[in-house]
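*Asks:* Make the full structure from the sequences, and use the hints.
So you can see what is in the structure, the chains are spelled out below.
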Amino acid sequence: GQQVMQIPQYQHVQEGEDFTTYCNSSTTLSNIQWYKQRPGGHPVFLIQLVKSGEVKKQKRLTFQFGEAKKNSSLHITATQTTDVGTYFCAGPTSGTYKYIFGTGTRLKVLA
Amino acid sequence: GAVVSQHPSWVICKSGTSVKIECRSLDFQATTMFWYRQFPKQSLMLMATSNEGSKATYEQGVEKDKFLINHASLTLSTLTVTSAHPEDSSFYICSARNVELAVNEQFFGPGTRLTVL
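Going down the list, the protein sequences come from chains A and B.
Using our numbering, you'd call the opening residue of the first sequence number 1 and step up by one each time.
Using our numbering, you'd call the opening residue of the second sequence number 1 and step up by one each time.
Hints in this document: simulated from the structure, not taken from any laboratory.
Because the structure is a prediction, the values reported are computed rather than measured.
Any given hint could be a false lead.
Said to hold, decoys possible - With the C-beta cut set under 7 Å, the calculated list includes, among others, these residues of chain A facing chain B:
1) Phe45
2) Ser94
3) Tyr97
4) Thr103
Ideal placement from N, C-alpha and C gives every residue a C-beta, glycine not left out.
*Replies:* Right under this line is the structure:
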């Protein structure tokens, strides 16, 4: 079945350092979404990428969708303690609105 | 806005009992809702897709007779864990799509933490 993997599984950074998480799908995706889940909370939608090679920015966050539409990345510049949480990518099952979530990357930011 | 609520937020029950979890879309109609479970420090695992007015579709490996889903209205889906056992203890989260939005964004409820003794 469709699998969505993320690396790294965990990342500890000093506040101010950059952070990147990578997402890889076993199948080509029509789009990819990114969510953030704070500790003890629920996932919150960050963004959706649709086009091959698409790059979108949200303040310090940069999202990229690979040319083959099988991988994606999220880069955070100059992390802050508010960035703490688990970041998930999610890709749709072909022809449906069901999304398979990636394995997630847990980010800890040390002040 | 697009707010999804869940009730209860947490529940503790004895082994063998059934537990019902409600998922409501508060300010939009949701023809489709999704139920996930999440074990500590793990990803969200899609259990089933809840469709208003029709039967839910379950993911492979999820027992439909154990996890009963009812989507009786455009704003309410319920998940009943029947004959719960300790291994069913988990964080159950629902999500809903607002079909009026152009993006397939899922709005998640706050989750229900189930502990089966």
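*Asks:* Look at each hint and say if it fits the structure.
*Replies:* For each hint, the structure was consulted:
1. Phe45: Constraint on Phe45 of chain A satisfied, holds at 5 Å.
2. Ser94: violated (14 Å)
3. Tyr97: holds (6 Å)
4. Thr103: With a closest approach of 5 Å, the Thr103 of chain A hint holds.
Figure legend: structure checked against the earlier numbered hints; the only hint not met is number 2.
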